[in-house]
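Here is what each chain is made of, one letter per residue.
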Amino acid sequence: MIEIKDLYFEYPNGKQVFSGLDFSMKKGEKVGLIGPNGAGKTTLFHLIMGLLRPSKGEIRVFGKPRKDEKDFHEVRRRIGLLFQDSDDQLFCPTVEEDIAFGPLNLGMDNREVQERVHETCKLLGLNGLEKRVTYRLSGGEKRLVALATVFAMRPECYLLDEPTTGLDMETTERIKGFLLEHAETYIIISHDPEIIEELCNRVYRLDDGKVVNNRFCSG
Amino acid sequence: MHLEEFAEGSSLLHRLDPRVKFITLMPFILLVAVLKGIELPLAGLMVSLVLVSIARLPLKKLMNRLLVVNTFVLLLWFFIPFSYPGRQLLSIGPLSLSQEGLLYVLSITIKTNAIVLATIAVLGTSEIFYLTHALLHLRIPEKLVYLFFFFYRYISVLHEEYTRLRRAMAIRCFHPKSNMHTYRSYAYLVGMLLVRSYERSQRIYQAMLCRGFQGRFPLVRHFRMTGKDILFLAVMISITIAMAIIARW
Amino acid sequence: MHISEGILSTPVLTAGAALAMGGVALGLKRMDYEKIPEVAVLSSAFFVASLIHVPLGPTSVHLVLNGLVGVLLGWMAFPSILVALALQALLFQFGGFTVLGVNTFNMAAPAVASYYLFNLLVRRGNRAVTAVAAFLSGALGVGGGAFLIALSLVTTGEEFLSVARLVFLAHLPVMLIEGIITSFCVLFLKKVKPEILEVGM
Numbered sequence: 001m002i003e004i005k006d007l008y009f010e011y012p013n014g015k016q017v018f019s020g021l022d023f024s025m026k027k028g029e030k031v032g033l034i035g036p037n038g039a040g041k042t043t044l045f046h047l048i049m050g051l052l053r054p055s056k057g058e059i060r061v062f063g064k065p066r067k068d069e070k071d072f073h074e075v076r077r078r079i080g081l082l083f084q085d086s087d088d089q090l091f092c093p094t095v096e097e098d099i100a101f102g103p104l105n106l107g108m109d110n111r112e113v114q115e116r117v118h119e120t121c122k123l124l125g126l127n128g129l130e131k132r133v134t135y136r137l138s139g140g141e142k143r144l145v146a147l148a149t150v151f152a153m154r155p156e157c158y159l160l161d162e163p164t165t166g167l168d169m170e171t172t173e174r175i176k177g178f179l180l181e182h183a184e185t186y187i188i189i190s191h192d193p194e195i196i197e198e199l200c201n202r203v204y205r206l207d208d209g210k211v212v213n214n215r216f217c218s219g
Numbered sequence: 220m221h222l223e224e225f226a227e228g229s230s231l232l233h234r235l236d237p238r239v240k241f242i243t244l245m246p247f248i249l250l251v252a253v254l255k256g257i258e259l260p261l262a263g264l265m266v267s268l269v270l271v272s273i274a275r276l277p278l279k280k281l282m283n284r285l286l287v288v289n290t291f292v293l294l295l296w297f298f299i300p301f302s303y304p305g306r307q308l309l310s311i312g313p314l315s316l317s318q319e320g321l322l323y324v325l326s327i328t329i330k331t332n333a334i335v336l337a338t339i340a341v342l343g344t345s346e347i348f349y350l351t352h353a354l355l356h357l358r359i360p361e362k363l364v365y366l367f368f369f370f371y372r373y374i375s376v377l378h379e380e381y382t383r384l385r386r387a388m389a390i391r392c393f394h395p396k397s398n399m400h401t402y403r404s405y406a407y408l409v410g411m412l413l414v415r416s417y418e419r420s421q422r423i424y425q426a427m428l429c430r431g432f433q434g435r436f437p438l439v440r441h442f443r444m445t446g447k448d449i450l451f452l453a454v455m456i457s458i459t460i461a462m463a464i465i466a467r468w
Numbered sequence: 469m470h471i472s473e474g475i476l477s478t479p480v481l482t483a484g485a486a487l488a489m490g491g492v493a494l495g496l497k498r499m500d501y502e503k504i505p506e507v508a509v510l511s512s513a514f515f516v517a518s519l520i521h522v523p524l525g526p527t528s529v530h531l532v533l534n535g536l537v538g539v540l541l542g543w544m545a546f547p548s549i550l551v552a553l554a555l556q557a558l559l560f561q562f563g564g565f566t567v568l569g570v571n572t573f574n575m576a577a578p579a580v581a582s583y584y585l586f587n588l589l590v591r592r593g594n595r596a597v598t599a600v601a602a603f604l605s606g607a608l609g610v611g612g613g614a615f616l617i618a619l620s621l622v623t624t625g626e627e628f629l630s631v632a633r634l635v636f637l638a639h640l641p642v643m644l645i646e647g648i649i650t651s652f653c654v655l656f657l658k659k660v661k662p663e664i665l666e667v668g669m
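Protein chains in written order, with the working numbering: chain A, 1 to 219; chain B, 220 to 468; chain C, 469 to 669.
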């Protein structure tokens, strides 16, 4: 599903993040991505989604090489990215409108969008929050709404950037439950060994811009 | 977001006291702006070119700037020569090209470029924080200077937030078109930026209070004029006065 | 929206500078020291927002938002717009220092007009009234600005009449876009953070 070969990336300020990174995942894999802060985990997600462009190397997603903006349009339709900070993800006044934003961009008509919003809220237990102002929700609620905005597009694969960091037990459990039940393929960045152990069947460790360890776990 | 494209360098102009920069540049560009005819604006342009060469500005970036500035001027070339009264040079159908009109647009073009080049060479070669600081010494109202300071300070922070929100839109397949959905989405983006900036300003103010802010900003004086500053000041002011005297004749 | 250097006549430059100074002085008087961060950071947000290019048929226009600045900041729109234009003059040579006064007045005067005409309606009105008042403030901001730019050109010399007409006409579709975006944006602010609509009071 995702194949990365010999990837180089550096920030405009000259900081080299990747020099020759290889990474791959198949449909149905649940990958945990671990490593110290600044190892480039979030950067890798942004490269896969085409928000950043590598200086060298190949990114293949869904069997096709992805190079320019156009190539990534399909990627963004079929892969959903959950940001580390939900405030970066949510910008509409109400929960409902935020969840509708993606489906509207996919060209669905109003009735379909309404149905999609309703269904999504139901699955994530957000009923009753639809008309609320997103910006004033609690941190946990915001994370669930952010997940809902991604899920509303029914992606085939999820990239989850620290989905449970800073959340209380209950919200963490809800997110875990949702992923186990509704997500087939995903990559999770997390510093929490428990999350990785419970939700993933494969673990990559990223350090110094390289995959230094790659193992299977119980899942 | 890299904004201060010309500020890096070690030329004479880069090292000039920012107070001197304001005192010399402002009279010069104001004079050029009100000059008439061709000769004096040309003299102004020469001065600007000398300043540019002293500052050793990167030519390619400079050309890009001039290109932008001259787009409006180009528009004038299509209109003014045909609507200015004067001796007719050429007539195409109902349109007639006047000599005075041509000279007038030429004068405008020279003045515009002279002012822009001088501004880049003199002010563009200082970091904005130093220029802000210099403004305080030059009796610009304190509140205005602090407003400018905070305004500039937080542009890059908010630009960063803007970029993140744009990314959030991109990964949800947002492609701007001429339709209501696009306009509404952009409006929400702007609204979100405003809400973020408002809340940030509250936190900034709280942080200022915590550090003992009582309505005044202490000013650390550290500018010192050198011989080069005084020389530059004398030369530029003399040129400006000389041009003004000739213009009055 | 601005006029470049070297074009306008001396009387127009002087009048613009004097009017702008008056407006800025009034704005500064209303801006207490503790309000500086608020006005400044909102101005930064407007500056960043003005980098957004919005598609309009086959072309695109960048946002001006001076109507919205006015509704939010009232008289403080003058210093806010002044610092933004000064920075543009400094960084990109859009506009310029000799035309700073004229350009500030042209943008800020319609902004203040938007404040007096629409701020109360926007804050107190129901959803429909708010939407319409906000639309009009956005349209007035840009339309008024374009009109004053045209006026500055024509008072410089009659030969600028055709250019001035073109400048004004070119801004008519922009008025529509600014109106729509200001309308949605104000509805957003009213729902999410209504205090922002009181900053200018």
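Among the clues, some could well be false.
Claimed, not checked - List of simulated lysine to any residue pairs, SDA-like, C-alpha gap at most 25 Å:
{"#": "1", "chain 1": "B", "residue 1": "K396", "chain 2": "C", "residue 2": "P641"}
{"#": "2", "chain 1": "A", "residue 1": "K15", "chain 2": "B", "residue 2": "F225"}
{"#": "3", "chain 1": "C", "residue 1": "K658", "chain 2": "B", "residue 2": "F298"}
{"#": "4", "chain 1": "A", "residue 1": "K210", "chain 2": "A", "residue 2": "D87"}
{"#": "5", "chain 1": "A", "residue 1": "K67", "chain 2": "A", "residue 2": "K131"}
{"#": "6", "chain 1": "B", "residue 1": "K279", "chain 2": "B", "residue 2": "T290"}
{"#": "7", "chain 1": "C", "residue 1": "K659", "chain 2": "B", "residue 2": "I327"}
{"#": "8", "chain 1": "C", "residue 1": "K503", "chain 2": "B", "residue 2": "N398"}
{"#": "9", "chain 1": "C", "residue 1": "K661", "chain 2": "A", "residue 2": "K15"}
{"#": "10", "chain 1": "C", "residue 1": "K497", "chain 2": "B", "residue 2": "T351"}
{"#": "11", "chain 1": "A", "residue 1": "K131", "chain 2": "B", "residue 2": "F393"}
{"#": "12", "chain 1": "C", "residue 1": "K503", "chain 2": "B", "residue 2": "R372"}
{"#": "13", "chain 1": "B", "residue 1": "K396", "chain 2": "A", "residue 2": "Y8"}
{"#": "14", "chain 1": "A", "residue 1": "K131", "chain 2": "C", "residue 2": "H470"}
{"#": "15", "chain 1": "C", "residue 1": "K659", "chain 2": "C", "residue 2": "F636"}
{"#": "16", "chain 1": "A", "residue 1": "K210", "chain 2": "A", "residue 2": "T94"}
{"#": "17", "chain 1": "B", "residue 1": "K279", "chain 2": "B", "residue 2": "I327"}
{"#": "18", "chain 1": "B", "residue 1": "K362", "chain 2": "C", "residue 2": "M489"}
{"#": "19", "chain 1": "B", "residue 1": "K279", "chain 2": "B", "residue 2": "P360"}
{"#": "20", "chain 1": "B", "residue 1": "K396", "chain 2": "C", "residue 2": "R592"}
{"#": "21", "chain 1": "B", "residue 1": "K255", "chain 2": "B", "residue 2": "S326"}
{"#": "22", "chain 1": "B", "residue 1": "K279", "chain 2": "B", "residue 2": "L268"}
{"#": "23", "chain 1": "A", "residue 1": "K67", "chain 2": "A", "residue 2": "E97"}
Don't read these hints as lab results, they were simulated from the structure.
Hint check: A/K67 vs A/E97, CA-CA at most 25 Å. Holds or violated? 32 Å, violated
Hinted pair B/K279 and B/T290, Cα distance within 25 Å: At roughly 17 Å apart (the allowed maximum being 25 Å), B/T290 and B/K279 satisfy the hint.
Verify the proposed pairing of B/K279 with B/L268, using a straight-line Cα cut of 25 Å. Holds, at roughly 15 Å.
Would you mind confirming whether the straight-line C-alpha gap from A/K15 to B/F225 stays at or under 25 Å? Holds, at roughly 23 Å.
Given the hint that B/K396 pairs with C/P641, does the C-alpha gap stay at or below 25 Å? Holds - the C-alpha atoms of C/P641 and B/K396 are around 15 Å apart, at most 25 Å.
When you check the alpha-carbon spacing of B/K396 and A/Y8, does it fall within 25 Å? Roughly 34 Å separates the two Cα atoms, so the pair is violated.
Measure nothing beyond the straight line between the CA atoms of C/K497 and B/T351; if it is 25 Å or shorter, mark the hint as holding. OK: C/K497 and B/T351 at ~20 Å, within 25 Å.
Take a quick look at whether A/K131 and C/H470 sit within 25 Å of each other, Cα to Cα. Measuring from Cα to Cα gives roughly 41 Å; hence the hint is violated.
Given the hint that B/K396 pairs with C/R592, does the C-alpha gap stay at or below 25 Å? 33 Å, violated
Does the alpha-carbon distance linking A/K131 and B/F393 stay inside the 25 Å limit? Holds - the C-alpha atoms of B/F393 and A/K131 are around 22 Å apart, at most 25 Å.
Holds or violated: B/K279 with B/P360, Cα cutoff 25 Å? It is violated: about 37 Å lies between the C-alpha atoms, which goes past 25 Å.
Regarding the pair A/K210 and A/D87, is the alpha-carbon distance no greater than 25 Å? Not satisfied, since the Cα-Cα distance of roughly 30 Å exceeds 25 Å.
In summary, the structure is inconsistent with hints 3, 4, 5, 7, 8, 9, 13, 14, 15, 16, 19, 20 and 23 from the numbered list given earlier, while agreeing with the others.
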